[in-house]
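Trainee: Sequence:
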Amino acid sequence: MTSQTVSTHAALRLGIVGCAPFTHGRMWAEQWQREPEHGLVAARLWDDDPAVAAQLAAQVGAEVAATPEAVADGCDGVLITALDAGRYLELARPHLLAGRRVFLNRPLAGSLPDAREILALADAHDARVYSASALLHTHAAERIRTVLAELGELRFFSVTGPTDTADWYLPHLFACLAGTLGSGLARVLHADLPCIDGDPHRLSGPAIVSVAYRADAAVGPARGVLALVGPGSDWYGFTLKLYGSLGISQDLEFDVGYGLMFAAMRDFFASGAEPLPRALLLEQTAAHYAALRAARQGGPVEIDSQGA
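The sequence shown finishes on residue 308 if you use this note's numbering, and the numbering steps up by one all the way, no holes.
Please keep in mind that the hints were generated in silico from the structure rather than gathered at the bench.
Just so it is clear, the structure is predicted and the values come from calculations on it, not from any experiment.
Accuracy of the hints is not assured; some may be wrong.
As the list claims (entries may be wrong) - Computed spacing ranges between beta-carbons, pair by pair:
| hint | residue 1 | residue 2 | range |
| --- | --- | --- | --- |
| 1 | Ala98 | Arg202 | 32 to 38 Å |
| 2 | Ala218 | Gln306 | 15 to 21 Å |
| 3 | Ala11 | Ile196 | 40 to 46 Å |
Think of the CB as a built atom: it goes at the ideal place given N, C-alpha and C, for glycine as much as any other residue.
Build the full structure now, drawing on both the sequences and the hints.
Mentor: As structure tokens, this is what we get:
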């Protein structure tokens, strides 16, 4: 499939690369089958473990592809949802070279250089690229921006999420900021990610990342804290609190769901129009890896989407 226009009425057939347990590929394939109103169908599946792909294919009525590239056969687009983002460039490359429409799970790539190469391949071969956390598409965003406008100059903010998994959930916190405060992150001032055996997927306690916006960002040079509550929490949600020159907000809660992202995904695969600016994709990726680097080496670390 190239950049041709696809009917916006028929359900779109999608190929999924990586559908093991805990992947969004598996979760979404099951949800699309339960909720056909999204207009998305998992049509072809591939996984490192063929038995995993075969089991899910039987469950949702999909076909099993012999290779990651073959998931695109007869499909309107491809999703890269393997658990290891370090493989995203490798897995996406044949689809980008073929000019396809490719969704990559957050955080887009296993490194900022890989992210830049993914976008360069898309440019060179007229492919289309989309990557997002569901927290970039929420009903709460407009309400939060209204509150922000009433608080005067933003001085400080805090955004909090659940889980003991930094490498999967930090992108959600950065998405909360992008969807409400906008782009323009300048640096990670400090990051404390207490990990088990140095693995950011296994936090041993609450994680805290301090960040600062650029002076020319829409919100000005505001600073804030991103926090993950760590292991042992029995709740799930994301909240934002804003501190401005004229007042302080209440805790602002984000709705958690995939409906708005599925709608954006459908438009993307149907028309080829990318829902998010590529500069934002790069900034989100750069912020994520700057936080991990600051935790390893100490901060501050510049969030430079053009640098390495």
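Trainee: Work down the list of hints and note, for each, if the structure agrees.
Mentor: To see whether the hints hold, each was checked on the structure:
no. : hint                          : in the structure
1   : Ala98 <-> Arg202: 32 to 38 Å  : holds, 37 Å
2   : Ala218 <-> Gln306: 15 to 21 Å : holds, 20 Å
3   : Ala11 <-> Ile196: 40 to 46 Å  : holds, 42 Å
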